[in-house]
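K.L.:
Protein sequences, first through last, are from chains B and G. Numbers 1 to 639, taken from this note's numbering, label the letters of the first sequence in order. Numbers 1 to 639, taken from this note's numbering, label the letters of the second sequence in order.
A hint or two may mislead.
Intra- or inter-copy, both count: the list cannot distinguish identical chains.
[As the list claims (entries may be wrong)] Calculated lysine-lysine pairs in the DSS-like style (CA-CA distance at most 27 Å, straight line): (1) K318 x K581; (2) K98 x K503; (3) K318 x K494; (4) K581 x K98; (5) K581 x K525; (6) K598 x K494; (7) K98 x K494; (8) K389 x K581.
Simulated from the structure, these hints should not be mistaken for laboratory data.
2 protein chains.
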Amino acid sequence: MQFHLNGFEPGDPEIFDPAERYRASAASGMLPVEVDVLIVGCGPAGLTLAAQLSTFPDIKTCIVDQKSGRLLRGQADGIACRTMEMFQAFGFSERVLKESYWVNETTFWKSDDRRRENIVRSGRIQDTEDGLSEFPHVILNQARVHDFFLDVMRKSPSRLEPYYARRLIDIQTSPAGSSGDHASPYPVRVRLERLDPSQEGQIETVEAGYVVGCDGARSTVRKSIGRALHGESANHAWGVMDVLAVTDFPDIRLKSLIQSASQGSILIIPREGGYLVRIYVELDKLDPGERVSNRNITSDYLIAAAQQIMRPYTLEVKEIAWWSVYEIGQRLCDKFDDVPEEDVEKRMPRVFITGDACHTHSPKAGQGMNVSIQDSFNLGWKLGSVLRKRCAPRLLHTYSAERQAVAKELIDFDREWAQMLSGSSSENDAEGEGPDPAETQRYFIRHGRYTAGTATHYRSSAISAEPTYQHLAEGLVIGTRFHSAPVIRLADAKPMHLGHTVKADGRWRLFTFAGEGDAAAPSSKIRALCEFLADSRESPIRRYTPSQEDIDSVIDVRAIFQQGHRELAIESMPAFLLPRKGRYALRDYEKMFCPDLKSGNDIFNMRSINRERGCIIVVRPDQYIAHVLPLSRHSLTAS
Amino acid sequence: MQFHLNGFEPGDPEIFDPAERYRASAASGMLPVEVDVLIVGCGPAGLTLAAQLSTFPDIKTCIVDQKSGRLLRGQADGIACRTMEMFQAFGFSERVLKESYWVNETTFWKSDDRRRENIVRSGRIQDTEDGLSEFPHVILNQARVHDFFLDVMRKSPSRLEPYYARRLIDIQTSPAGSSGDHASPYPVRVRLERLDPSQEGQIETVEAGYVVGCDGARSTVRKSIGRALHGESANHAWGVMDVLAVTDFPDIRLKSLIQSASQGSILIIPREGGYLVRIYVELDKLDPGERVSNRNITSDYLIAAAQQIMRPYTLEVKEIAWWSVYEIGQRLCDKFDDVPEEDVEKRMPRVFITGDACHTHSPKAGQGMNVSIQDSFNLGWKLGSVLRKRCAPRLLHTYSAERQAVAKELIDFDREWAQMLSGSSSENDAEGEGPDPAETQRYFIRHGRYTAGTATHYRSSAISAEPTYQHLAEGLVIGTRFHSAPVIRLADAKPMHLGHTVKADGRWRLFTFAGEGDAAAPSSKIRALCEFLADSRESPIRRYTPSQEDIDSVIDVRAIFQQGHRELAIESMPAFLLPRKGRYALRDYEKMFCPDLKSGNDIFNMRSINRERGCIIVVRPDQYIAHVLPLSRHSLTAS
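Isolated chain B (complex conformation) (with noise of 0.2 Å):
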């Protein structure tokens, strides 16, 4: 899709007329008294969190962010693959993939070293490795992203809509609230003040079950719940523009990082539209204490810069999208919720802070959006399991404990990476050389499974167990994202991803792998356990499934056999791999599969799945694995 030709224009490019691109709306009138979930923010993480609990029709959610609209242009823009994977869970990936930009390769340039003012290539690599993720790496005005969660919200079950211009003043959390069954389900009160000039100043008062704060860096909620971000002074600054230029820059629609000789570095991100470009810009050091905005950087400036660096290659700005200027500051808050580390056994968690309020880094290596919509993913099944009465609330421990590692993990590989760009970290540039462009490049590929947001890994927890059985499939590891694989499915012999069978609902899989042989005949292994998962009083089916629902309405299991597709009888398998669904009772045929011979892309092979024992992987409703058992491991307890 080629846009923004004639200059940018924010909303869906679909639409001919601008005008029409963006329709406002929004929730109106009062906020309601009482809330499940109060939301503060309408960033990626305020948005991906309500998109998720929107589906549960049985929980009152309410979304609020002190601004008077929706985002229409600027922030961040960079979309990993995982982020891309779970845009699939939630059902848009087609149209962040058919309206995006796709970075394919990144390339490396440096001072020309026989005329050190001017720039050439020194590397060319491919972005992403081959097998990561189904997904590429895509670039997309957050924007966007915001359209289709707001979307998503649109046609939820709660129909969720934002109410804007509301500014949060305080949040007081009734002590009673955080200990236990018998409070009342709406403890913490929140006073908000409405911006909108027709009802500005009025105070309106929410009793909630539980807050979030998706309310950035200068977050009110994480003030309120006595945190700070902790970190050192910002003393990088950079500038940052969306423009429309002319360039005879070879590689302006490739990712490109520029590391001039004495004019400092800039990094050029293509976006979406074929025309428009992003360029990072880098700025001198600050002084101690010093603030980016005292200097008074103009995009001129900005222009320049870039231009300076770029030589001898020209860049001839036509419009400016959107810029803005920013210091780097690595900071992190030491605990993402309102309960002390010491009273973690006694109290449970009422106030959540996600997002850029609890970790502010640089942008340039595109986790930003990224790592905050996976705190919420994190985050929401969990809220909406205790809401749903399907999890204890200690659950809700597991939020920090495992986000906040994360959030450490990209603290430090941010700085690395800004003095990396900057320059400056090399030890061996005690000559003032500069940065050194191989270092770099070696660098950004040995993180590359970092970037594509694929390397994270959960510790052992109570909903991440142990590797006691890994060796039963050992590309499929504990703790990290169900990595997808194309299968056949069996009735229809769809060619498809296993994975995109995980949808954002809030359901527990069990993906069960079949042993070699194993066509579900009386005597295997697959048969025994879904008779037992059908029929047995230990059946974690039957003990969590209420007996209204449909019996894959709180965990899905899906069997993948080793044979062709055409090798297996479906009038064969077990009941329970063809339930009955619906107030018809009708057969749900989708939940059996093979591998994709044909194609060469045979599962097992490619996620190491023993042959010879088959498998069960427990996946959590954020997609990531819990618990690898042998077959014959019917309790599915995370021991």
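Once you've looked at the hints, dock chain G against the given chain B.
P.N.:
The following block gives chain G in isolation, referenced to the frame of chain B:
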């Protein structure tokens, strides 16, 4: 995607609340008094044409329908690969891929030799041969296809919406109108009657440049131009029903043709959403002159017949979403416009008919919607070109010439196929043995390209050249659709399909395939061609492109090189392949491609392009190949 579990609900399944899934959306008020094109009928043919014309802001189009609003259920559902390629050009193939059932395999069932009253599977085949198209054959409610076209129209420059509840009364063409250049631009006077209760009986008059009858088998437009359908009387009756059912028939999620010994045949077409299925049921032969509607066939009768045929398998129907009975009659109109054959040299057409208005046939080859859509796709760009004065009106004669021949083939095919399904064609059925399943299966395979819609081959004409240089690209046959293949885009290394650059925007495309080793060096043929196209007074691009428009607004030139994409330097390419466009004269970086060598899919091999000499492929706005030319042959006339 799974949906319809608790009953069929029309509209967008991504919206949770069925009541929100379809919104009334229509043009309101009186019809416009003057229009360039009046389209009668909002079926697939009418909406395809409306969607095509809606992309031209300078053409005033109006579409009317007798119904009071949009279609919600029933009718056609088969979408051939070729139609998916066209949907790609209209920008909604990814939505159809997501929502539809994919026809991956087809099975054949016959009576069991040991127990004649029972059926057994006699064959199972891949539905579409490998490599035939980059798209699968899919099944989706016709109403959803309408929705996607309505969406294209609504988002277009023209913001086109249908006027519903309008019955065509009559059409009068002023004799001068068809004769040539000096006539009124609106020579066709159309009278319509309003059917909406508040304005019932009110007569509106529209003066139109062209009128297109997409008004079905009983077309009033056809009658108004004195044409009729000719063909055999309808003596085969069939029933069709869309049901939610429980069955132990193992292939219920595969397209299945069941030919019983003595109870007749049924055809099973699984449908979107995982639960719905369409069943075609053969009914008794009709007496000469008899209409099936006189038999008072009920849905219970259809169910009972299906149950008989499916023995020993059970079929328990829980809900009937839609059902109908119909006679098969293969009938065809001998010309698709208002100009008698003998007047072609001296008159230009002003009234056209498309789709069922010109050809009727059985639905079971899944061709109806597809051929109708292709009729309109063929006509749409021609009307657009003539109205925008890019082509002379005689181009319009090619519509009937090209599409009548296609319809003739369709009718012949359908007659054979319908007889085969009914078992009455077999000459070796003298003994009343019923149909021969092996013969049916062989016939099905043999005609796979035909049913996929990729066999259409337009004869030589002013827009379909003689195959003088066909040997330069044996896999891209003049008169057939441009068969896409994977490529890598040079500027951003994006893997994509070359054919997907062809949008339904009325533009012509020149795909210039470079000869071996040609990297657009100063002496190269590609460069010489670019220089000719850019600068020569003979250049068709200079001749046809209005001076204020972008260089690719009429003819879009793309170049495909043989080298890997890292072997070419974009900075050395002809400026013509990096054209400056739009108000800022930005560079368009999306004109150059390389083979996808890494995947092993080299377009030069896949389409048998002459490596030594390269070639130019001229592609019409409807994706058909108009010409194959040597690179050195700069004049592009079809000779």
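K.L.:
Could you run down the list of hints and mark each one as holding or not?
P.N.:
Now for the hints, and whether the structure bears them out:
1. K318 x K581: Between copies, since 13 Å is at most 27 Å while 58 Å is not.
2. K98 x K503: both (20 Å within a copy, 14 Å between copies)
3. K318 x K494: between (48 Å within a copy, 26 Å between copies)
4. K581 x K98: Between copies, since 22 Å is at most 27 Å while 34 Å is not.
5. K581 x K525: Answer is within: at 25 Å inside a copy they meet the 27 Å cutoff, but 64 Å across does not.
6. K598 x K494: both (12 Å within a copy, 26 Å between copies)
7. K98 x K494: So K98 and K494 pass the 27 Å test inside a copy (22 Å) and across (12 Å) alike.
8. K389 x K581: within (23 Å within a copy, 59 Å between copies)
Of the numbered hints listed earlier, not one is contradicted by the structure.
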